[in-house]
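Engineer: Here is how the chains run, residue by residue.
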Amino acid sequence: MKATCDKWKDEILEAALTWATSEDFEQHLRSCAICSSELDAARAHKKGLDELLPLVARGAEPPADFKARVLAEVATASEAKRGWRWQLWMLAGATAAMVVLVTGMAAYRRMAQTIPAEDLATVQKLAEWQAPSDGLLRTPGQEILKTMPRFGQSYLNVAAKTDEEE
Amino acid sequence: MTGVFVSALILKAEAPETESGFGERIAENQRRVFQIAYSVLGNSADAEDVAQEAFLRAYQKFDSLREAKKFRAWVNRIVFRLALNRRRGHLRRLTRDTAWQITEALAMIDGARDAEQRVMLERMRKQIELLPDKFRSVLQLSLVEEMEAADVGAILGIPAGTVRSRVHTARKLLLEAMK
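Sequences listed follow chains A and B, in order. Under the numbering used here, the residue at position 14 of the first sequence is numbered 14, and the numbers go up by one with no gaps. Under the numbering used here, the residue at position 168 of the second sequence is numbered 334, and the numbers go up by one with no gaps.
One or more hints might be untrue.
[What the hints assert, rightly or not] Chain B regions said to be covered by chain A (calculated; three or more residues, Cβ under 8 Å):
(1) 187 to 195
(2) 219 to 230
(3) 240 to 254
(4) 324 to 336
[To be verified] Derived contacts from chain A toward chain B, CB cut-off under 8 Å, selection only:
(5) Leu49
(6) Val56
(7) Ala72
(8) Val74
Keep in mind that the hints were calculated from the coordinates and are not lab data. Just so you know, these numbers come straight off a predicted model, no measurement behind them. All C-beta atoms in this analysis are idealised placements derived from N, C-alpha and C, irrespective of residue type, glycine included.
Take these sequences, add in the hints, and give me the full structure.
Structural biologist: Okay, here's the thing in structure tokens:
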């Protein structure tokens, strides 16, 4: 391609792709053999491109058993999903049962710790009760024996009677 | 505990219905989904893996994708994204690859009638890879059957008019590169 023909480069590609040519370009083609042959070559390449391009996407087909294979995968996946959901439900059920059990036990313990007022009054009366025999068992020496004598003191801290007193 | 058994029974009962409705969706979309993956990845083994993965993901969201149109749009988007992710992984591997692995990658290209066409197709794929992202994506997606400019635009988040103009530019760039 001559340097002067460089400006028609884009026109050649456009004409090859769309078959549309401007009037100026048509005029140039009539006088320029190089551009004319460039256009023919570009059109031939375009034809080859048109044959090959669809193969980029349509060069292969999905296998005949593609659907069956996908459905088999789906079945496996959904089985696993179902198992997982079932386990989740089991876990949720077990947790709920534990919560109910713990709450029930706590409520029961709280109820067991509360003593009715009537029972409490009875218990207090019992605590204050003294056996009648306690009074009978009192002796005069009981007061003396209440304290422990210090070292050197008489065990029986009773004042000795003098002769004058007698 | 009764609740546990009731819910297990409900799950078991609703599963076959879901799977049968889903089977219809696979049948309607499998060809296009596979082609989207294939246009990006260039080999059927990877395309099949990616298409399968897309359908499995769609199944997980099937409750919200019952409507055919919604399902189609969603699965188109997801398979394209998954294919791009896988291609990035391939490119990373190829960068640190040895020659025999590259040769193997070339041998994996299918869909070409003969050796010459295979070579040409491989050359074209390489040229497509070299296109700027915005042109490469529209070109690959527009080559898929039943994909209108609006569908391509929905995947890429651009208007249909932009898709058409980018496809034209992509073809022009490709033609120039393949001369």
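Engineer: Of all the hints given earlier, name the ones this structure violates by number, lowest first.
Structural biologist: Per hint list: 3, 4, 7 violated.
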